[in-house]
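Q: Here is what each chain is made of, one letter per residue.
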Amino acid sequence: MTRCRELEEHLSLYVDDLLDPAEAAEVRTHLDTCPACAGLVTDLSRIASTARLLGPIAPPAHVYTALTSQLPRTNSDTGGQGPAPGRPHWRWAAVAATLVATAGLAYIVGGRTASTPPAAPAAATTRALDTIASELELAVHHYEQAIREFDTVATAADTELAPDVAASVRRSLRALDTAIAESRQALETDPASEPARISLFEALRRKIDLLQTTALIVNESQGSRPAEPAGPANATGREL
Amino acid sequence: MDLTLAARCRDGAAGAFEELYRLHAPRLYGLARRLVGPDEADDMLQEIFLTVHRKLALFRGESSLSTWLFRLGTNVCLDHLRSRAMRTGRLNDALDDEFEDGAGAGPILGVIARLDLERALDALPPRARTVFVLHDVEGLEHQDVASLLGISEGTSKSQLHKARMRLRQQLRPRTHDGVAS
Numbered sequence: 001m002t003r004c005r006e007l008e009e010h011l012s013l014y015v016d017d018l019l020d021p022a023e024a025a026e027v028r029t030h031l032d033t034c035p036a037c038a039g040l041v042t043d044l045s046r047i048a049s050t051a052r053l054l055g056p057i058a059p060p061a062h063v064y065t066a067l068t069s070q071l072p073r074t075n076s077d078t079g080g081q082g083p084a085p086g087r088p089h090w091r092w093a094a095v096a097a098t099l100v101a102t103a104g105l106a107y108i109v110g111g112r113t114a115s116t117p118p119a120a121p122a123a124a125t126t127r128a129l130d131t132i133a134s135e136l137e138l139a140v141h142h143y144e145q146a147i148r149e150f151d152t153v154a155t156a157a158d159t160e161l162a163p164d165v166a167a168s169v170r171r172s173l174r175a176l177d178t179a180i181a182e183s184r185q186a187l188e189t190d191p192a193s194e195p196a197r198i199s200l201f202e203a204l205r206r207k208i209d210l211l212q213t214t215a216l217i218v219n220e221s222q223g224s225r226p227a228e229p230a231g232p233a234n235a236t237g238r239e240l
Numbered sequence: 001m002d003l004t005l006a007a008r009c010r011d012g013a014a015g016a017f018e019e020l021y022r023l024h025a026p027r028l029y030g031l032a033r034r035l036v037g038p039d040e041a042d043d044m045l046q047e048i049f050l051t052v053h054r055k056l057a058l059f060r061g062e063s064s065l066s067t068w069l070f071r072l073g074t075n076v077c078l079d080h081l082r083s084r085a086m087r088t089g090r091l092n093d094a095l096d097d098e099f100e101d102g103a104g105a106g107p108i109l110g111v112i113a114r115l116d117l118e119r120a121l122d123a124l125p126p127r128a129r130t131v132f133v134l135h136d137v138e139g140l141e142h143q144d145v146a147s148l149l150g151i152s153e154g155t156s157k158s159q160l161h162k163a164r165m166r167l168r169q170q171l172r173p174r175t176h177d178g179v180a181s
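From first to last, the protein sequence lines stand for chains A and B. According to this note's numbering, the first sequence is numbered sequentially starting from 1. According to this note's numbering, the second sequence is numbered sequentially starting from 1.
Worth flagging that the hints you see were computed from the coordinates, not collected in a lab. Any given hint could turn out to be false.
[Stated by the list, open to error] With the C-beta cut set under 8 Å, the calculated list includes, among others, these residues of chain A facing chain B:
{"hint": "1", "residue": "2"}
{"hint": "2", "residue": "3"}
{"hint": "3", "residue": "7"}
{"hint": "4", "residue": "13"}
{"hint": "5", "residue": "31"}
{"hint": "6", "residue": "42"}
{"hint": "7", "residue": "44"}
{"hint": "8", "residue": "48"}
{"hint": "9", "residue": "54"}
{"hint": "10", "residue": "64"}
{"hint": "11", "residue": "65"}
{"hint": "12", "residue": "191"}
{"hint": "13", "residue": "195"}
[To be verified] Beyond 10 Å from chain B on every Cβ pair, some chain A residues (computed):
{"hint": "14", "residue": "9"}
{"hint": "15", "residue": "50"}
{"hint": "16", "residue": "188"}
Just so you know, even glycine gets a beta-carbon here, dropped at the ideal spot from N, CA and C.
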């Protein structure tokens, strides 16, 4: 009993393998002859091993909502600095949203044109082609409208992109414009050409993706510009 | 990636701070919940991330972002516990109990359900709970626990053992009429 009390405080250290070899051997010798202490070691070990299984806990959703309401007002992220005055920051976000919506429409229309049955009755085929043609023109119209808006903003904010990035974007756009022109020419020659329709939508889709990515890059680069003097205070404080 | 995310947060990139929160909040919430208790865990997590927002400029990548956030979160929780102890007058809440010898031979605990251990943790005094959470749950060495709490390594080891002994009593299976067996 006395020996048990003497060694008890060593038992957690034994479980954690923090005893030197001589002390550990002394404890092992005692455990071999004391079922109570051996049982205690088993229990302490179970507690420690179960504790290691206690992992992260998902916080309630309202915590983040309450947190963001306390952060300094910024752009949509609420965690950073707002746009500098005078920059058309919101227009890039609007363009990006328009491009996404247009891309969605094009996917739907493009999917339907790709699934046109090849051997339908003549009258039904004519009606289907008319419908497809009008929907295709509608989708292309939306694409080109969004692209025109982007071009307007890009012209006004040409300095937003690094020169090498801007050059790369321009090269890609030229290649896509060539593909679009060739696909449209093929459709004028043969309006029923499915490969031409697929090619046109693919080129438009890739142009939308490129413009969307570019708009997002410009959004981020505008957000990283130094704030005007009226912006939020810089973080200071003691080092951890 | 840590430096990139931290930089994006500092620069106010869209979605960056939310991404930081989604990645790290669960671990920090678990830490806060176990250190300060369920009633104050929500407020504690908010305070942690408000502090993160203020101090993120200090992160230089010398440790991982996860480690940096963990240390910050721990300090916020410990400051809160000290403040609470000052308000309640409970400045010394170390466990001093002398425990009975284990009744009979052999272990008295079977497989321990994690939920049962969480509940038993809530019943520990703050100091003992803190040592147990930092060492057994979060995996810190006694040297680091002692440094964080401003105690000696020996005290950290002693408090950990007493916390485990108290938990053993709490987790002891009850008889049919609720008496500990």
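Q: Was the hint right that residue 191 of chain A lines chain B, CB cutoff 8 Å?
A: 42 Å, violated
Q: Holds or violated: the hint that residue 64 of chain A contacts chain B, with Cβ atoms closer than 8 Å.
A: 6 Å, holds
Q: May I ask you to test the interface hint for residue 65 of chain A with respect to chain B, counting a Cβ-Cβ separation under 8 Å as satisfied?
A: 10 Å, violated
Q: Does the closest beta carbon of chain B sit nearer than 8 Å to the beta carbon of residue 195 of chain A?
A: For residue 195 of chain A, the interface hint is violated, since the closest Cβ of chain B sits about 39 Å away, which is over 8 Å.
Q: How about residue 31 of chain A: closest beta carbon in chain B under 8 Å, or not?
A: At 12 Å from the nearest chain B Cβ, residue 31 of chain A fails the 8 Å test, so the hint is violated.
Q: Could you check if residue 54 of chain A really has its C-beta closer than 8 Å to a C-beta on chain B?
A: Hint holds; residue 54 of chain A Cβ to chain B Cβ min 5 Å, cut 8 Å.
Q: Does residue 13 of chain A pass the interface check with chain B, least Cβ-Cβ distance below 8 Å?
A: 6 Å, holds
Q: So, residue 42 of chain A near chain B? Judge it on the closest CB pair being under 8 Å.
A: Interface hint status for residue 42 of chain A: holds (4 Å vs cutoff 8 Å).
Q: With d taken as the least Cβ-Cβ distance between residue 188 of chain A and chain B, does d exceed 10 Å?
A: 41 Å, holds
Q: Do the numbers back the hint for residue 44 of chain A, that is, is its least Cβ distance to chain B under 8 Å?
A: 5 Å, holds
Q: Test the statement that residue 50 of chain A is away from the interface with chain B: the closest C-beta pair must be farther apart than 10 Å.
A: Per Cβ check, residue 50 of chain A is inside 10 Å of chain B; nearest 4 Å; violated.
Q: Just want to verify: residue 9 of chain A was marked as not at the interface with chain B; is every Cβ pair farther apart than 10 Å?
A: For residue 9 of chain A, whose nearest Cβ neighbour in chain B is about 6 Å away, the distance does not exceed 10 Å, so it is violated.
In the structure shown, a violation is registered for the earlier hints numbered 1, 2, 3, 5, 11, 12, 13, 14 and 15, in ascending order.
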